[in-house]
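Take the sequence shown: its letter number 78 is residue 78 in full-length UniProt numbering, and every next letter is one higher.
Keep in mind that the hints are not guaranteed to be accurate.
Stated by the list, open to error - Taking lysine-lysine and the DSS-like style, the derived pairs with C-alpha atoms no more than 25 Å apart in a straight line are:
{"#": "1", "residue 1": "110", "residue 2": "53"}
{"#": "2", "residue 1": "110", "residue 2": "157"}
{"#": "3", "residue 1": "84", "residue 2": "50"}
{"#": "4", "residue 1": "110", "residue 2": "85"}
{"#": "5", "residue 1": "53", "residue 2": "101"}
{"#": "6", "residue 1": "75", "residue 2": "126"}
{"#": "7", "residue 1": "85", "residue 2": "66"}
{"#": "8", "residue 1": "66", "residue 2": "56"}
{"#": "9", "residue 1": "85", "residue 2": "75"}
{"#": "10", "residue 1": "50", "residue 2": "19"}
{"#": "11", "residue 1": "167", "residue 2": "157"}
{"#": "12", "residue 1": "53", "residue 2": "19"}
{"#": "13", "residue 1": "110", "residue 2": "126"}
{"#": "14", "residue 1": "13", "residue 2": "84"}
{"#": "15", "residue 1": "84", "residue 2": "22"}
{"#": "16", "residue 1": "101", "residue 2": "154"}
{"#": "17", "residue 1": "66", "residue 2": "19"}
{"#": "18", "residue 1": "101", "residue 2": "19"}
What the hints assert, rightly or not - Pair ranges (Cβ atoms, derived):
{"#": "19", "residue 1": "39", "residue 2": "160", "range": "25 to 31 Å"}
{"#": "20", "residue 1": "87", "residue 2": "153", "range": "34 to 40 Å"}
{"#": "21", "residue 1": "69", "residue 2": "141", "range": "42 to 48 Å"}
{"#": "22", "residue 1": "69", "residue 2": "149", "range": "19 to 25 Å"}
{"#": "23", "residue 1": "39", "residue 2": "110", "range": "19 to 25 Å"}
{"#": "24", "residue 1": "143", "residue 2": "56", "range": "16 to 22 Å"}
{"#": "25", "residue 1": "69", "residue 2": "25", "range": "18 to 24 Å"}
{"#": "26", "residue 1": "76", "residue 2": "25", "range": "16 to 22 Å"}
In short, the hints are calculated from the structure, not lab data.
As the structure is a computational prediction, the values presented were derived from the model and not from experiment.
By construction, the Cβ of each residue, glycine as well, lies at the ideal position given by its N, Cα and C atoms.
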Amino acid sequence: MNYFVITAVGEDKPGIVAKVTKILYENGFNIEDSTMTRLNNEFCIMLVVKGEKGEKEIEDSFSSIKDKDLSIWIKQIPEDVINKKKEVASLYNIIVFGADKPGIVFNVSKILADHNVNISDLRTEKNNDLYLMFIQAEVPSSTNQEDLENAIKKVSKDMNIDISLEKVEEPAEL
Numbered sequence: 001m002n003y004f005v006i007t008a009v010g011e012d013k014p015g016i017v018a019k020v021t022k023i024l025y026e027n028g029f030n031i032e033d034s035t036m037t038r039l040n041n042e043f044c045i046m047l048v049v050k051g052e053k054g055e056k057e058i059e060d061s062f063s064s065i066k067d068k069d070l071s072i073w074i075k076q077i078p079e080d081v082i083n084k085k086k087e088v089a090s091l092y093n094i095i096v097f098g099a100d101k102p103g104i105v106f107n108v109s110k111i112l113a114d115h116n117v118n119i120s121d122l123r124t125e126k127n128n129d130l131y132l133m134f135i136q137a138e139v140p141s142s143t144n145q146e147d148l149e150n151a152i153k154k155v156s157k158d159m160n161i162d163i164s165l166e167k168v169e170e171p172a173e174l
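Using the sequences plus the hints, can you model the full thing?
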């Protein structure tokens, strides 16, 4: 069995999802995981798919819709990466908001990385001058909670932004 990450990006308009998933269906690929969203006026699709066909075959299949309006990237994922066990972690929601300025995503994500916290989902929104960031994070049991909270407080103060950290799920093997 072969696994691939497929990313497709194009100007937002009806039919992009149908165009991409039709090719997957016709080639016997199953969608294992996905996220699809509009970013400004571009629509972005990210999929993990599984099927019998190889990389060259799937690339050839997408050549019919790959054009100046739709960019497609395909990356094969080794099966050992797909089956790799993840560390036991608690699930947290982190909400960041404040005046829009450069460095918010970098500074918050750096603190999380420094404390071995994995970001599983991150979304940002800008509403006038207010910047919002929503993070779903996996905090391993080995992370010192107090150190993490102190580091978050420091970034919050240094950048003059509000950051809330809420545990939503107890440790589970991911």
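Consistency of the hints with the structure:
no. : hint                 : in the structure
1   : 110 x 53             : violated, 38 Å
2   : 110 x 157            : holds, 15 Å
3   : 84 x 50              : holds, 16 Å
4   : 110 x 85             : holds, 24 Å
5   : 53 x 101             : violated, 46 Å
6   : 75 x 126             : violated, 31 Å
7   : 85 x 66              : violated, 35 Å
8   : 66 x 56              : holds, 14 Å
9   : 85 x 75              : holds, 21 Å
10  : 50 x 19              : holds, 18 Å
11  : 167 x 157            : holds, 21 Å
12  : 53 x 19              : holds, 19 Å
13  : 110 x 126            : holds, 21 Å
14  : 13 x 84              : violated, 37 Å
15  : 84 x 22              : violated, 29 Å
16  : 101 x 154            : holds, 17 Å
17  : 66 x 19              : holds, 10 Å
18  : 101 x 19             : violated, 37 Å
19  : 39 x 160: 25 to 31 Å : holds, 26 Å
20  : 87 x 153: 34 to 40 Å : violated, 25 Å
21  : 69 x 141: 42 to 48 Å : holds, 46 Å
22  : 69 x 149: 19 to 25 Å : violated, 46 Å
23  : 39 x 110: 19 to 25 Å : holds, 23 Å
24  : 143 x 56: 16 to 22 Å : violated, 42 Å
25  : 69 x 25: 18 to 24 Å  : holds, 21 Å
26  : 76 x 25: 16 to 22 Å  : holds, 20 Å
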